[in-house]
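Required output: the full structure, derived from the provided sequences and hints.
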Amino acid sequence: LLDSIMTLLTDGALGYDRDAELAKRGRIDEEWLQELLAHPYYELKPPKTTGRELFSRVMAGELIAEGHQRGNDDSSILATITTLTAQSIADAYSRFAPSRVEEVILGGGGRHNPMMADLLNGLLHPAQVLTHEDIGMDSDNKEALVFAVLAYETWHARPGTLPALTGADHPVVLGQITPGANYIKLSKQTWSTV
Numbered sequence: 199l200l201d202s203i204m205t206l207l208t209d210g211a212l213g214y215d216r217d218a219e220l221a222k223r224g225r226i227d228e229e230w231l232q233e234l235l236a237h238p239y240y241e242l243k244p245p246k247t248t249g250r251e252l253f254s255r256v257m258a259g260e261l262i263a264e265g266h267q268r269g270n271d272d273s274s275i276l277a278t279i280t281t282l283t284a285q286s287i288a289d290a291y292s293r294f295a296p297s298r299v300e301e302v303i304l305g306g307g308g309r310h311n312p313m314m315a316d317l318l319n320g321l322l323h324p325a326q327v328l329t330h331e332d333i334g335m336d337s338d339n340k341e342a343l344v345f346a347v348l349a350y351e352t353w354h355a356r357p358g359t360l361p362a363l364t365g366a367d368h369p370v371v372l373g374q375i376t377p378g379a380n381y382i383k384l385s386k387q388t389w390s391t392v
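In the working numbering, the protein residues as written are 199 to 392.
These aren't lab readings, by the way, just hints derived from the structure by calculation. Do not take every clue at face value.
[What the hints assert, rightly or not] Just the calculated beta-carbon pair ranges, DEER-fashion:
1. E229 with S292: 17 to 27 Å
2. L252 with R293: 15 to 25 Å
3. M335 with V299: 12 to 22 Å
4. P296 with A349: 35 to 45 Å
5. H354 with G320: 39 to 49 Å
6. R293 with T388: 18 to 28 Å
7. L206 with W389: 48 to 58 Å
8. Y291 with R225: 21 to 31 Å
9. H323 with Y381: 46 to 56 Å
All C-beta atoms in this analysis are idealised placements derived from N, C-alpha and C, irrespective of residue type, glycine included.
Here it is, written out as structure tokens:
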């Protein structure tokens, strides 16, 4: 959402707010922030996911128009939406985590946003806010790594779900193995190393 807002504000010249330079110059519209936090998505219980299908470029345009109508300049719109993002994350941990959160790992563009990191550090204290790089992963390849782990678990017939987190009735092995010409040979090699 932040990147879409920045793209629209700059007519496509900038795809994101580098180091939150604009957002850090703005003021947070607290009243608007509270209205935005009332969005029904934030009330949904996990498991849930979303992306650009809900928090879309259209929504970004609507937020820009609403922010300007409320008297906010571009920097204040970015500051408020950055705070919305951080606050919604902190609220979700507070509402839905089964126990106190000790670590939060930032990925995606948020890991490059110092305002986001600072807000999350404050809102989630005493939890430690880290990036994938802090734990030896490359944030730009996190999806590939996750799919590799899920494939490994499937190959070894181990469940890839945790009912407490996913809402599943019971643990389930995820995915499907489609045998190829070398399936038996590969299977023997893999299982002999376990």
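| request: For the range 21 to 31 Å, tell me whether the beta carbons of Y291 and R225 fit it or not. | output: Holds, at about 26 Å.
| query | Range hint 46 to 56 Å: satisfied by the CB atoms of H323 and Y381? | reply | holds, 51 Å
| message | Given the hint of 18 to 28 Å, is the C-beta distance from R293 to T388 inside that range or not? | response | violated, 41 Å
| query | Holds or violated: 17 to 27 Å for the Cβ distance of E229 and S292? | reply | This hint holds: roughly 21 Å between Cβ atoms.
| CB-CB spacing for R293 and L252 relative to the 15 to 25 Å hint | holds, 19 Å
| said: 39 to 49 Å was suggested as the range; check whether the CB atoms of H354 and G320 agree with it. | reply: For G320 against H354, whose Cβ atoms are near 41 Å apart, the range 39 to 49 Å holds.
| task | Look at the Cβ atoms of L206 and W389 and judge whether their distance stays inside 48 to 58 Å. | result | holds, 53 Å
| Outcome for the supplied range 12 to 22 Å, where the beta carbon pair is M335 and V299 | holds, 19 Å
| message | Looking only at beta-carbon atoms, does the pair P296, A349 fall within the given range of 35 to 45 Å? | response | violated, 27 Å
In summary, the numbered hints that this structure violates are 4 and 6.
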